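J.: Everything in the sequence shown is counted per my numbering, starting at 1 for the first residue and increasing by one.
Treat the hints with care, since some could be wrong.
[What the hints assert, rightly or not] Restricting the straight-line Cα-Cα distance to at most 25 angstroms, the calculated cross-link-like pairs of lysine-lysine (DSS-like) are:
#	residue 1	residue 2
1	192	38
2	69	111
3	5	69
4	86	5
5	86	258
6	196	38
7	60	38
8	196	60
9	127	111
10	111	86
11	41	258
12	162	60
13	71	60
14	38	86
15	165	192
16	5	165
17	196	135
18	162	86
19	5	192
20	69	41
21	258	69
22	71	258
23	135	71
24	5	38
Derived by calculation from the structure, the hints in this document are not laboratory data.
Quick caveat: nothing in here was measured; it's all calculated off a predicted structure.
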Amino acid sequence: GPFTKTVGDAEILYEVLEGQDSLDSTTISRETYPSRRKFSKVIGVPRVFVGSEGIDDSVKHNFRASVEKFKSLGYEVRDIELPHIKYSLATYYIIMPAEASSNLARFDGVKYGLHRSGSDVIEDYLKTRGEGFGKEARRRIVLGTYVLSSGYYDEYYGSALKMKKLITREFDEMFGEIDLILTPTTPTPAFKFGEKTADPLSMYLADIFTVPANIAGLPSISIPSGLAHLPAQAGTLPLGILLTAGLGREDNLFAAGKEFLGA
């Protein structure tokens, strides 16, 4: 998604991007969206998910303050249950590498992608694939190839698709009762560039709050919510909250985001 300075700018950009594009098979017409319920300013917080282990104290404190701010703005904040949301991260990191592996298979240097010449065809292929993709891309391609391989497809990829349906259904049902779901954007303040490269699992855990919307195909927006004060007077780092809305309800995101930021 786009980065903008304000929620209003994001809304303007969205108005340009929204709708069906005849050259993009992944877009859909506005007419196919479900009927809209009135924006009643009801926010749901999956407390068990938000209170899980590994969330920095500064993030928890900031999130509680953000909840109170929404209440002061006239929003009703409810505790909600999304039983399968805790499996979102595992589901995402099975489906996404599988799709990446499949989609990037064409970049063999013959018709698509970088080409590097070697002493023979095998070396051509190894050099092309080795130099054409970075370490993280190669890691995800290998993981995706593994979960799609014979003997593991049903156990991993097939199971992940089933979980994706369960998560999507839970979100759809919940948005019949509320307008928005609120979580932190990340479980910790930003880590230094390259700090977690050697520990990919720790790096992937930073996505715990953002992947559910991707899994369910829902719109979400991250907005700044304050600062985390680092120890030993090392400065501050920005924190954010994530709002997720029902299918086709980007208008709710923009309305709540602008109100929260006073814009």
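J.: All the hints need checking, so say for each whether the structure fits it.
T.: Going down the list of hints, with the structure as the test:
no. : hint         : in the structure
1   : 192 with 38  : violated (42 angstroms)
2   : 69 with 111  : violated (54 angstroms)
3   : 5 with 69    : holds (21 angstroms)
4   : 86 with 5    : violated (31 angstroms)
5   : 86 with 258  : violated (29 angstroms)
6   : 196 with 38  : violated (43 angstroms)
7   : 60 with 38   : violated (30 angstroms)
8   : 196 with 60  : holds (22 angstroms)
9   : 127 with 111 : holds (15 angstroms)
10  : 111 with 86  : violated (41 angstroms)
11  : 41 with 258  : holds (13 angstroms)
12  : 162 with 60  : violated (31 angstroms)
13  : 71 with 60   : holds (17 angstroms)
14  : 38 with 86   : violated (29 angstroms)
15  : 165 with 192 : violated (35 angstroms)
16  : 5 with 165   : violated (34 angstroms)
17  : 196 with 135 : holds (13 angstroms)
18  : 162 with 86  : holds (14 angstroms)
19  : 5 with 192   : holds (22 angstroms)
20  : 69 with 41   : holds (13 angstroms)
21  : 258 with 69  : holds (13 angstroms)
22  : 71 with 258  : holds (15 angstroms)
23  : 135 with 71  : violated (45 angstroms)
24  : 5 with 38    : violated (28 angstroms)
Hints 1, 2, 4, 5, 6, 7, 10, 12, 14, 15, 16, 23 and 24 from the list above are not met by this structure, while the remaining hints are.
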